[in-house]
Amino acid sequence: MSSEVILPGDPIPLDSVIGDNLDDSDSGPVIQLGPGVLHIPPETLLPIRAGTLTTVARSKPQKSTTIYVDTTGGRYVPAVHDTILGTVIGRFGDQEKSFYRVSIPGSAAPIGILSSAAFANAASRHTRPNLSNGTTVYARISAFSIALGEPELECFDENTGKEGGFGELKGGMLADVSNGLARRLLAPSGAYGGPSVVDVLGKLVPFEIAVGRNGRIWIDSESCKMTAAIITAIQETEELPRERMEERVQKIIKGARKE
Amino acid sequence: MPRDLTPSTIENTFVLKALTERIRLDSRSFNQLRDLDISFSSTEYGVVDVKLGRTRVIARISAEITQPYADRPYDGLFIIATEISPMAAPTFEAGRKSEDELVISRIVEKSIRRSGALDTESLCIISGEKCWAVRADVHFLDHDGGLMDAACIAVSAGLLHFRRPDITIEGVGSRREVIVHPITERVPVPLAVLHVPVCVTFSFFDVRRASSAISGRTRNDEAKDVDDDDVEEEDDSSVAVLVDATLQEELLRHGYMSVTANTNREICQIQKGGDMPVDVGVLLSCSEAAIMVAEKVTKLINKRLKEDGARRNVGNLLVEARAENDR
Numbered sequence: 001m002s003s004e005v006i007l008p009g010d011p012i013p014l015d016s017v018i019g020d021n022l023d024d025s026d027s028g029p030v031i032q033l034g035p036g037v038l039h040i041p042p043e044t045l046l047p048i049r050a051g052t053l054t055t056v057a058r059s060k061p062q063k064s065t066t067i068y069v070d071t072t073g074g075r076y077v078p079a080v081h082d083t084i085l086g087t088v089i090g091r092f093g094d095q096e097k098s099f100y101r102v103s104i105p106g107s108a109a110p111i112g113i114l115s116s117a118a119f120a121n122a123a124s125r126h127t128r129p130n131l132s133n134g135t136t137v138y139a140r141i142s143a144f145s146i147a148l149g150e151p152e153l154e155c156f157d158e159n160t161g162k163e164g165g166f167g168e169l170k171g172g173m174l175a176d177v178s179n180g181l182a183r184r185l186l187a188p189s190g191a192y193g194g195p196s197v198v199d200v201l202g203k204l205v206p207f208e209i210a211v212g213r214n215g216r217i218w219i220d221s222e223s224c225k226m227t228a229a230i231i232t233a234i235q236e237t238e239e240l241p242r243e244r245m246e247e248r249v250q251k252i253i254k255g256a257r258k259e
Numbered sequence: 001m002p003r004d005l006t007p008s009t010i011e012n013t014f015v016l017k018a019l020t021e022r023i024r025l026d027s028r029s030f031n032q033l034r035d036l037d038i039s040f041s042s043t044e045y046g047v048v049d050v051k052l053g054r055t056r057v058i059a060r061i062s063a064e065i066t067q068p069y070a071d072r073p074y075d076g077l078f079i080i081a082t083e084i085s086p087m088a089a090p091t092f093e094a095g096r097k098s099e100d101e102l103v104i105s106r107i108v109e110k111s112i113r114r115s116g117a118l119d120t121e122s123l124c125i126i127s128g129e130k131c132w133a134v135r136a137d138v139h140f141l142d143h144d145g146g147l148m149d150a151a152c153i154a155v156s157a158g159l160l161h162f163r164r165p166d167i168t169i170e171g172v173g174s175r176r177e178v179i180v181h182p183i184t185e186r187v188p189v190p191l192a193v194l195h196v197p198v199c200v201t202f203s204f205f206d207v208r209r210a211s212s213a214i215s216g217r218t219r220n221d222e223a224k225d226v227d228d229d230d231v232e233e234e235d236d237s238s239v240a241v242l243v244d245a246t247l248q249e250e251l252l253r254h255g256y257m258s259v260t261a262n263t264n265r266e267i268c269q270i271q272k273g274g275d276m277p278v279d280v281g282v283l284l285s286c287s288e289a290a291i292m293v294a295e296k297v298t299k300l301i302n303k304r305l306k307e308d309g310a311r312r313n314v315g316n317l318l319v320e321a322r323a324e325n326d327r
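Taken in sequence, the protein lines are chains A and B.
Once you know that position 177 of the first sequence is 177 in UniProt numbering, the rest is easy, because the numbers rise by one and skip nothing.
Once you know that position 248 of the second sequence is 248 in UniProt numbering, the rest is easy, because the numbers rise by one and skip nothing.
Derived from the structure by calculation, the hints contain no laboratory data.
Hints are supplied without guarantee of correctness; some may be wrong.
[Said to hold, decoys possible] With a Cα cut of at most 20 Å, we get these calculated EDC-like pairs of lysine to aspartate or glutamate:
1. A:Lys-258 / B:Asp-26
2. A:Lys-254 / B:Asp-35
3. A:Lys-251 / B:Asp-26
4. A:Lys-258 / B:Glu-21
5. B:Lys-299 / B:Glu-121
6. A:Lys-225 / B:Asp-37
7. A:Lys-97 / B:Glu-21
Sequences and hints are given; from them, build the entire structure.
Next comes the structure, spelled out in structure tokens:
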């Protein structure tokens, strides 16, 4: 994975995009275009927004290169499998089959539907959680289409069927981050080269974090002060280069410890 | 579909718990303003860009010649337009006034227009026939709390910065003519601004209610605790008073009070909202604090005005060419 800052209209040289990720077969190189790149046939690629031009080389299912312009802004558009942080704002249905209305801040589809049966251990009516209005849930989008309107949410790990960290969040604090940062925090460690702000923080102080793709994070730690400091550290260092980020994070955490 | 911003229980509990420990999320102290930045347009007069933390407001002052109201022939017109578009926050709907929006425009109106910050009589050109109509358009670009404070500062600074074209009246009686001199021809004239109102909003949090809600204890236990160790430094230990709340704090607060003051130590306007009673002592200390903030903000406005004036006044021409100079 490589990235460089690019502006709309800058030339994207095809050779550098493909690099050595060329298939041995006779067919030409396979390039997948992500958001922010316009294809003008036959072989002109044009960035149509400013950001970092990111190329990802893949070997499965076939050798290909994905290329897109990564930006931090924009409104979150729900997509299946995304994890989100939402707030319960209502409930409807009867005793047997009830649903929660969950507001998803920062989302293009602002309200999701969470079935009370979509929790781990929800087979019986008695083990289902009873969420009041204002409860924060960490959920996964299980179905969404623009035509559907409201995303459907689930609160269990789709692979194991267990709780897996999903469900009601207690204590801690919510904070807003940019969409891009939420995406970066959810990426596998080192995907963006080097440690992320969470990696740096993790070495300094124990804390819990949940990242919603809708640009919200939930943090819990030993004290109010520390939680506030961690949130500041994450929000403030988003646009700093790595060395300065580490420096700043250390300073913030140290400041919170001292007092 | 715009939605009301509904803070979750987690945020509510955390913010209140932090306040009992005297922590604000952005690590400010309770009576500290966010970073305030005021900048003027480099090309036009009366265009101000005010940034208060992440809140951003642009005000634009303009003037045109119209007929005064029949019942007030000696007064010019002064209108403040504060319409909040969804650009500030998705909660605001275009074309529909929400309650918050109404409160904001009302406070700005009371703070500036009704406090007589602009001498409307000086806008009269020919009584009953012609007068200046000064218009302040406030554009809310980003909403992170304190919209009225930012709007008030923007309009105040804009009025100070604005220059209207110079005019002369020729002829007598019914044959009088008003000649407007474009600003390329004559040095434009500042408005008669009598004082600079600055609005400061205080947010009240009922900390005692909050802490008992957190720990699940009764009010009596809590009261005993407070007696034992007087942690709070406020006069009333159960109230946390925050200056310049962020949007999050605004959504969670139990009550608020907007005080508009100026450097003459005058209170121009007080508006109290929310369902929380507040002691007289708090009210007085808030007014005092508002005056302090007003002094600080006015100082900054004057500093920026001076900088802008120096930048425009190339070769001292703006001073030398003024119409009121001796010839």
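Now the hints, each set against the structure:
Distance check on the hinted pair: A:Lys-258 and B:Asp-26 sit about 17 Å apart at the alpha-carbon level, within 20 Å; holds. Using a Cα cut-off of 20 Å, the hinted pair A:Lys-254 and B:Asp-35 is violated, with the two alpha carbons roughly 23 Å apart. Pair hint A:Lys-251 plus B:Asp-26 holds up; C-alpha atoms about 15 Å apart against a cutoff of 20 Å. Note on A:Lys-258 and B:Glu-21: the hinted pairing holds, with a Cα-Cα distance of about 15 Å set against a maximum of 20 Å.
With a CA separation close to 27 Å, the supplied pair B:Lys-299 and B:Glu-121 exceeds the 20 Å bound. Restraint check for A:Lys-225 and B:Asp-37: the C-alpha separation of about 28 Å exceeds 20 Å, so the hint is violated. At most 20 Å may separate the alpha-carbon atoms for a hinted pair to count; A:Lys-97 and B:Glu-21 exceed this at roughly 43 Å.
Taken one by one, the earlier hints fail for this structure at numbers 2, 5, 6, 7, listed in ascending order.
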